[in-house]
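Student: Between the sequences and the hints, there should be enough to build the whole structure, so can you do that?
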Amino acid sequence: MKVARVIPCLDVADGRVVKGTNFVDLRDAGDPVELAARYDLEGADELIFLDITASSDNRATTIEMVHRVAAQVYIPFTVGGGIRTLEDARRMLRAGADKVSVNTAAVQRPGLITEIVAEFGSQCLVCAIDARRRRSDLDVKGATPGVPTDGWEVYLHGGRTPTGINAVHWATEAVRLGAGELLLTSMDRDGTREGFDLDLLRSIADVVNVPLIASGGVGTLGHLADGVVEGGADAVLAASIFHFGEHTVAEAKNVMGAAGITVRPAAV
Amino acid sequence: MTAVSPPGVVRPLIAVLDYGIGNVHSAQKALERGGADAQLTADPEVIGDADGVVLPGVGAFGACMDALRSSGLEQPALDAVSSGRPFLGICVGMQMLFDRSEENPGARGLGVIPGTIRWIPTEPPAGLKIPQMQWNRLDVVTADPLFVGLGEEPWLYFVHSLHGVPNDPAVVVATTEYGSTLNAAFRVDNVFAAQFHPEKSSTTGLALLSNFVEVCARSASTSAVPDNEVSA
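Order-wise, the sequence lines are chains A and B. Just so we're aligned: 225 in the working numbering is position 225 of the first sequence, and the numbers increase by one with no gaps anywhere. With positions in the second sequence counted from 1, the corresponding number in the working numbering is that position plus 268.
Check each hint, because a few of them may be wrong.
Stated by the list, open to error - Example chain A residues on the side facing chain B (calculated, C-beta under 7 Å, incomplete):
{"no.": "1", "residue": "Met1"}
{"no.": "2", "residue": "Lys2"}
{"no.": "3", "residue": "Val3"}
{"no.": "4", "residue": "Arg5"}
{"no.": "5", "residue": "Asp40"}
{"no.": "6", "residue": "Arg68"}
{"no.": "7", "residue": "Ala71"}
{"no.": "8", "residue": "Pro76"}
{"no.": "9", "residue": "Asn209"}
What the hints assert, rightly or not - Negatives, chain B to chain A, calculated, CB over 10 Å:
{"no.": "10", "residue": "Ser294"}
{"no.": "11", "residue": "Glu313"}
{"no.": "12", "residue": "Glu342"}
{"no.": "13", "residue": "Ala375"}
{"no.": "14", "residue": "Ala411"}
{"no.": "15", "residue": "Val456"}
Derived from the structure by calculation, the hints contain no laboratory data. Each residue gets a CB set at the ideal place from its N, CA and C atoms; glycine is no exception.
Tutor: Dropping the structure here:
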């Protein structure tokens, strides 16, 4: 039985949650532990903490945060953002993260995936891919020579830097290197609330055999169901629809369940 | 050996075997929340004194067995099992209790549960990935003290590509459906072994670990009686 997971994503900087602080009844809406516990109660299946700390000097606070979350939150959680070396991954995992996600550094040096997997296993390595649909005008100006202009291109640095790499190819390569899971974000849809890029999801879901997490563009709970039913995703990630109190994870699961998707019911 | 704190409340000492593999803090913290004095340890004396022992594990079967042996913990683990004290194996820690695994055919397991760890049958129906990395419903086959209060079909978190196939099917106490019926939990005397991660399964998993702590406390108070008689 396939059971789709619902994964809220929390942005953190210097050990504090910096977005999505609209829960009126929290004592400290920036406290990652309190927010994580809240999402656990609502029935979140996992959590992802995305570290947007600008300076690597402040990583120590992130590691301290991971310690605190691991000591008090008993659902799986992933830490991503700024994992550039095996040592970065090791520190997060030893602090209590269940998985780390790698993005830019893995594209620049794919051996990073192999190294982390060799020490900790595939199950703790999520490869995050930010992809943007190629437009035909790129063919005329600015396209990487020799790279086809259809499909999707991998972008780095939060969607700012094109790579010329085909996203479907990179996804299959990351899995071949040992990635245990893919987190796929459509940069075209991110922030638009128009729904996932279902064609992108399907293109990758059809060619990889590891779990696929859909991200980017969720505006309604129906979009979450679409990602699983039409996109073929195994899990759906969302940030703003949960953080700003528009919907609870439990509501998301009700809508997904009504669409015929098996989900773990919320605990309460 | 039990710690008494706060007054009147007995907190059983539970040794969580620490042999240098991944994340073991969650299991320790979850057991403490369940009322135990849980210690991450590689010290055979602590393990010998403990009221209960937990063998966690993550990664590959062979690598975990190698790490357990090079930490000098194979014999203390086997001694704990044969002492009759409550013993809990989690995930690869569960798999290590078997004889062998198809994941690393050359590696020898602890041999506590006769049988083999086998790959989850391939050619699953469309949409099912290997590993199973998700929450799934447990079908309880045989009532067990660790299942008390969990409800009829509790949800637990799984991450695995292989599952245990014991020689004696009667030791399977719970299964789960993933393409086919997979064995999810086992009971052999004082040993309980779980393929899923109770320490990552929210309130349901915490309840199971609390049950384990309670079993440890009961076992400690029973075995403590002769000691008290001797000292009295």
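Student: All hints are to be evaluated individually against the structure, with a verdict given for each.
Tutor: Evaluated hints:
Because the closest C-beta pair between Met1 (chain A) and chain B is about 5 Å apart, less than 7 Å, the hint holds. Interface restraint check: Lys2 (chain A) against chain B, minimum CB-CB distance 5 Å, threshold 7 Å, status holds. The interface hint given for Val3 (chain A) holds, since its Cβ lies 5 Å from the closest Cβ of chain B, which is under the 7 Å cut-off. With a least beta-carbon distance of about 6 Å to chain B, the hint placing Arg5 (chain A) at the interface is held under the 7 Å criterion.
A cut of 7 Å between beta carbons decides the hint on Asp40 (chain A): the least distance to chain B is about 6 Å, and the hint holds. Restraint check, Arg68 (chain A) versus chain B: the minimum CB separation of about 11 Å is more than 7 Å; hint violated. Given hint, Ala71 (chain A) at the interface with chain B, holds; its Cβ is 5 Å from that chain's nearest Cβ, closer than 7 Å. The restraint placing Pro76 (chain A) at the interface with chain B holds, with a minimum CB-CB distance near 5 Å, inside the 7 Å limit.
Evaluation of the Asn209 (chain A) hint against chain B yields a held restraint, the C-beta minimum of about 6 Å falling below 7 Å. Here Ser294 (chain B) does not stay apart from chain A, with its beta-carbon only about 6 Å from theirs, under the 10 Å limit. Distance to chain A confirms Glu313 (chain B) as a non-interface residue, since its nearest Cβ pair spans about 25 Å, more than 10 Å. Here Glu342 (chain B) stays apart from chain A, with its beta-carbon at least about 21 Å from theirs, past the 10 Å limit.
Against the 10 Å criterion, Ala375 (chain B) stays outside the reach of chain A, whose nearest CB is about 15 Å from its own CB. No beta-carbon of chain A is positioned within 10 Å of the beta-carbon of Ala411 (chain B); the least distance is around 23 Å. Chain A leaves Val456 (chain B) outside its interface by the beta-carbon criterion, the shortest separation being 26 Å against a cut-off of 10 Å.
Comparing the model with each earlier hint shows violations of hints 6 and 10; every other hint is respected.
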